[in-house]
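First to last, the sequence lines map onto chains A and B.
When you line the first sequence up against this note's numbering, it's residues 1 to 83, in that order.
When you line the second sequence up against this note's numbering, it's residues 84 to 991, in that order.
No lab work stands behind these hints, which were simulated from the structure alone.
Being a predicted model, the structure only gives us computed values, none of them experimental.
A virtual CB, placed ideally from N, CA and C, is assigned to each residue, including glycine.
What you were told as hints is all true, and nothing was included just to trick you.
The calculated label-pair distances, taken between Cβ atoms and stated as ranges, are: (1) Arg-927(B) <-> Ala-83(A): 53 to 61 angstroms; (2) Ser-783(B) <-> Leu-4(A): 53 to 61 angstroms; (3) Gly-22(A) <-> Ala-985(B): 40 to 48 angstroms; (4) Thr-964(B) <-> Val-79(A): 51 to 59 angstroms; (5) Val-50(A) <-> Gln-742(B): 20 to 28 angstroms; (6) Thr-727(B) <-> Tyr-42(A): 33 to 41 angstroms.
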Amino acid sequence: MSFLLECPHCGVREVTDFAYGGEVRPGPSGEPSLRERCEHTYFRRNVAGVQREWWYHRSGCRAWFLAERDTRSNEVHWVGVPA
Amino acid sequence: MSARLPTQPGEIIDRGRPLRFTFDGRTVNALEGDTIGSALYAAGRRTFSRGFKYHRRRGLLCCAGQCPNCLVAVDGAPGVRACTEPAREGMRVEHLNARPGLELDAMELVDLVGRPFTPPGFYYKTFIRPRRLWPLYEKALRHAAGLGRLPEHQGERRWRTEYRRRHADVLVVGAGAAGLSAAIAAAELGADVVLVDEGPEPGGRLLWEGHAARARTLAARARAAGVEVLAAAPALGHFDGLVAVWQGSTLHQVRAHEHVFATGAIEQPLVFPGNDLPGVMLSGAVRRLIARYAIAPGRRAAVIGAGVADVLRAAGVEVVAVADAVLEARGRRHLRSVVLPQGEFACDLLVVSGGEVPATALVTQSGGRTAYDPDRGHFALAELPAHVWAAGQLAGHGTAAECSGQLAGLRAARSLGRGDDGSDTRVADVQALLAREQERWSPPPIRPGTRSFVCLCEDVTVKDIGQAVGEGFDSLELCKRFTTVTMGPCQGRMCQLAAARCVSEATGAPLDQVGSTRARPPWSTVPLGVLAGRPSEPAKRTPLHERHRALGARIAWAGDWRRPYDYGDPEGEALAVHRSAGLIDVSTLGKLLVRGPQAGEFLDRLYPNRVSTLKPGRLRYGVLTSEAGRIMDDGTVARLDEQTFYVTTTSGGVAGVEQWFSWWLTDWQLDVTITDVTQALAAVDLAGPRAREILGGVTSLDCGPEAFAYLDVRQARVAGAPCLLLRVGFVGELSYELHFPAAHGEHVWDAILAAGDVRPFGLEPQRLLRLQKQHLIVGQDTDSESTPFAAGVGWAVKLERAEDFVGKRALRHAAAHPSETVLVGFTVANGRVPTEGAVVLDERGVPVGQVTSARRSRQLDRVIGMAWVPLALAEDGAAVTISDGAARLHGTVVTEPFHDPAGVLMRS
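Pulled out of the complex, with its shape left as it was, chain B reads as follows (with noise of 0.2 angstroms):
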């Protein structure tokens, strides 16, 4: 490991703290505070990538995070600049896009010898034909031009992201001195201000220019002041007001009502030929490397422009020449020589500056707008939007970034009210001071040459934008498309502006006709898993579901909820309610109690048929409508005293029946209150020949077929439970529908399956039970257009109520104009099961209609299924063609259910 300087005053390394980790298998020394680009620097790496796609060799450039030449995979993801990226013992750190190796790359041969046939767009000129070998070029390029792989399994993702909302007074974004001051005055205005920077230590650039204890001490007062101060935090971008930052394991979402924006400047790099070479870097970079890793950058420097050769000789580096401007940067591997205009020099460092550009993406996404400002030779802020305010070099004021930063800081917390007419005093002081700050700049030259280049992220050099504005591509955004300069990893960072010049010098058009390309998010690099938040689906549970696990039973989704397929055996289950009886989990239908004065008037008005006329102790099926007159949901109606109703609804539909009944209520604004239980409720369903036998033993409730009939409601203890108990045709045999208190779940459960010959059975053969008795099941065998009359249950349609109910009109146009298809049971003669969506054809050939549901019954030994069929068709023993893949099925329609048509033992 090579020497460090030493101690540097705002140095963040900390010597007495080794630590190791890999790059490419070889193991690196590094120091607590290093960066992986730091201690690789330090250990004398100088090639961090290859070119994207000339594949020449790049090397630091800016050390601050924005350009692509340094992007590694760490722990096998892709992405990750190692310039900014902290070093962590035992990382395991590659090179992205060489083969075989970083120092060896078999596609450098483009560079050299392949230079003619790759102008821009060469994939679409040169590999398109063959057009049946294009997925080969493809793969090959994919390959060539990658930014690495990225893991291909959910397995694999690391991240578990937590989304975090915020909500505060002020955001500011950036934490360099004029947003750290920015931050201070309006907190110190009674604001509650976020102030989010990527560095992993607020204060921008105070920290390599020599000002490290300034930095601490508006950090320490932005503390107590009360600032949230999020460190390591880039702003991904701005949506409607919310701001997304990403920190670590955390995706802050940070809404404010005032947004300053300190985003800094980018200090741009020189457009010369080789100025790609590892070797020439910005002044920035040289900077950082010293003050804050103790790194001598090389050992005889060059300087073009800005003024670090004081801070390089301090350094103990050797200042061989300093000028205005550079003609080329020789060398293969590395900088050997640079071509001045006094004389061509040795050196390994060529510091070039190309000046700052603010950084204006995140404020123009806020609704900022930027002009060419010919004074400052950049893009510059013009307008901002209402209550978003810039500070520091965004908004032009680099040398007084503290002021600028309080005034933007005064100004937002003014435009909340907080503060007094002192603070205007204030605002206008300080505006005074900056109205004094007039700094003028004009970019330097861009110097032509095939190996100039404007892009580094993509590889675009001036000869390529020159030739793509001769081939037609002459507006930036045009250009852009088609070189994809300003489309790589640095978001336009490097290139913004030498893009826009090259295309004005080109076309000949002034810059502010050129104009810059639109900056979309995410202004950061961020993984997609940051955004994808936590790999994890709620569920719902029954509170029966640990006794359906210890039963073996085949769990699988139904809707939001974990339910019991099967317990291994589906049809013996379905022929166990058939033979004795029968045990299913029906905690999942939903429950609303609706209760008051005027119940029974509202949910007649809501339900075709009438609820009122029910006595207490009796229920009805019900099928509720949209205005539309179309079936929306289904469930049963008990009355259990003269103002309380209770309503089930289908398993997923509760929520959106709550909110339809909900809804009206408003309207109507009667007097009744609507309470959601499902939660709270436990249910199962006891069905079969034997079922009132078995209920009977553990309860005293008198279960007669008289004292308890079909279509009753009892409230009763069972197995010391207080319970419901509904008796409805559920599954076609006697059935009671129990349901209690969620916590007695278990316990009555395991109490009823111990009082006689009763058997778990799951949601298949439920499916099947309902299917022999055509019982439909919303969603499944109708969709939004399905009316009650084409569905078969028309039945609970009573048109003739005198009072209005909703989707009266239509259902009484519906009952009038009957549908071109209905809801019918068929049965398939040769024994296949034909799958649910086959469609059903006419005589001709064409589709008419489609299968809904189709089991087999081994009961009834026949293959069973509902269909929707045209209405010709509809009568028993009509002949229908199902067209089932390359099958083709002949069944027969019919309209009663297959099993006990006449409901004679559901009624027992």
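Okay, chain A solo, but in the shape it has when bound (with noise of 0.2 angstroms):
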């Protein structure tokens, strides 16, 4: 795997900047149930396409953003940090 990716903080760095935080998954609300809690912690959607997630800038500002990125193709469509 070799890629670029954008910090919103630092700009373009190597991919072996950062650090991958996992795909963006809202936690469950209110008083989940015990299933919902472990899909929650243990199972991934694991997209074959374009997913949002998580990056760490490790090596450079430590701060975390958001990307959309394409599992398949490794192309960034869109990096920022969040609302």
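Bring the two chains, given one by one in their own frames, into a single complex with the hints.
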């Protein structure tokens, strides 16, 4: 795997500068059942396509941001900080 | 040394600068500019290596670093191509795979009498029985077929490769006429261009085809336009847009928006009986030997196909025959005669050319696709992905390379948004020029025979491929795996097309169906050491590191850190902590400052116990859990003032904890900042019954048991240095953890050691002291599934809290559903220390848990440990059986700390 990622604070860097934080998954709301909690904890959608995901600029500003990346081609369509 | 030709216009040897190296121990005279191969050839050497399987003699064939014939070892490193490796003074060159020597090779018998026994795959067929002898066969076969020996130890590695990241607008691979022109065109439109080439000088074939001056002009123009030219720098492969380029001691990792491939074409040998004899040479090799090194390649030459007859005559070589086809080459040690359609001719040089095929490997790795082109008789580029361009012979523009390069360079620059409408007009003009060029070519026939070699690397003949197809390996990819054709050092450069044609002829399938094999990186031979990078391991050292060394500490790795394990007497060091006082460097502890108006609320949401209720000047133990309620890390949280918290983490955990904290902070958007101050501060723990008295000697702070009580935090000067003092129970005795600026590290350490009866102690005694207190070590005694309840720190979880915190629901579940195993302490009666990781067995002998820590304690005079055991055994006095290798140990569960269970000492 090798591609470039744009940190919203620092700019474009090699992907090895960053740590991947997984897909963005809103936690279950209200009083979730055991099943809902387990699904949230242990299951991922593992999308083949564009997904919104977390990235951490480990070797840079050490801030988290969001990216929309195509998991098939590693093409990054959008990066930004959470609103 | 045989005479060289008179000065040639494009020669690169410096006749005024002789040098010497050795080949198999004998001195070879060379000139500056020579390659190993040219110097050896000039000195009269004709045999350079022995074939892989039949050990037939092999001589210079391509002189371009393509074929396997001149592979040698240089100063012990195998796999070097003599024909392209520059000769250096004093280098030690050796042949690779012949015994006892290159001239007399015992394995040559295989060629003379062993042929019926060595069909493709013979080693699977012949040597498989009896099975137990295979290791022996394997050793013998490996040696016979080997391509030299690799140095065995890291210490013998000579490469100290630096990685270099280079971002560019355009990367041009190949610096022939096309590549140079492409680089110039793009750079002159303002693009940042990198141009790489495997040759020592840019120019490609211009250099040996009589246009060396043009090559230098183009190279100068490219440099003037700002192109970064990397010579002697083969591109190894295209990896997701990143091209690895090896240049001496540097591995460039070039990432460009646009890629122009101008990798040229590779001259193919002809396939006919005896085509591997020394003396059979490609036309390009002959041109290079004459033009670059002023060497006459032979005395009497026969020439097939390409028009090098004039070049040979000009070099004083007698051309005895010119023909369109060759039937057979004869000779044993060297070519002696050649059979042509018009008769047999005595000669010592046969110049052949099987046409040129585009070097498509790198461009196909970038996503390009090839297809068989019947008009050209080879596999040509049929499709290019976006932002990838091809130029020169690779694009089928052999005779208009400069035009072709310009076109590719202009297009790449336009794709970047450089240039203007005028550039588009130029693109159209150049394209119109190129359209007129139409080369038609069909390859000469393949002449079958038992010594008609398709693949010189692996000694695969036309007959072998026919046989493989006959055995059912009837597609090119299958045939490749069975015969290993195209899998040798040349990576298909010399044999890809011929192999496809042989398979096509044997199966009757047309070439467009046969296709070509997939080209995988690396494209050029590269030492593994180059890819491995520098053999260095970055280490973190604490500000006190030199003090530990001076004290004779046994220093070892602890994660990324180099830490003192002990100072030679771990038991004595631990006893000193019980009897007087000890001092340990704990600078490796993670240290985070969490500040802001909402810092308390923030930490409340992260820790299962309450943090915001801490009063300034107090601290609390905290365990961090994941959303699944599993232990991630632990440490202390101290409140320095209303808005400032000082969080310590485990030594290896700070990066993960900071990442975890800031992830939640990003989500929650609270008014809090997190600062990692781990490396800015040194920290020591002063522990033992006399710790208070010793500390009192270096600070004016009132250290009395009431003024500075257990779990209190103070800020004061210690030995003059500003210091944060935490009263923690770290090792089970009265102790003070001191955090202070790293720059004062040695000063404070020295001052404390001088202040009384205090002895430095290392990591090993510290582990023993902690174990005596059953203080768990995250990652040692816990794993990714451990909950605080099961690990015995459930007291740090406050489920009754009204507000939410990370992992609360999972922890509530865990509290209601106790886990099957829990972490407890144990002692072993018979005195043997079980290995950490030893298995805990139930009464039926079934594994039900494991030992995580175990030590012998001299203070307690028994063996103690911690282990995960079934819930039913988690009570004082329960008997556990531990299986440790062959031994069975009988332990007794102890749920309370072994030492000072009530904690009187650490609170004193």
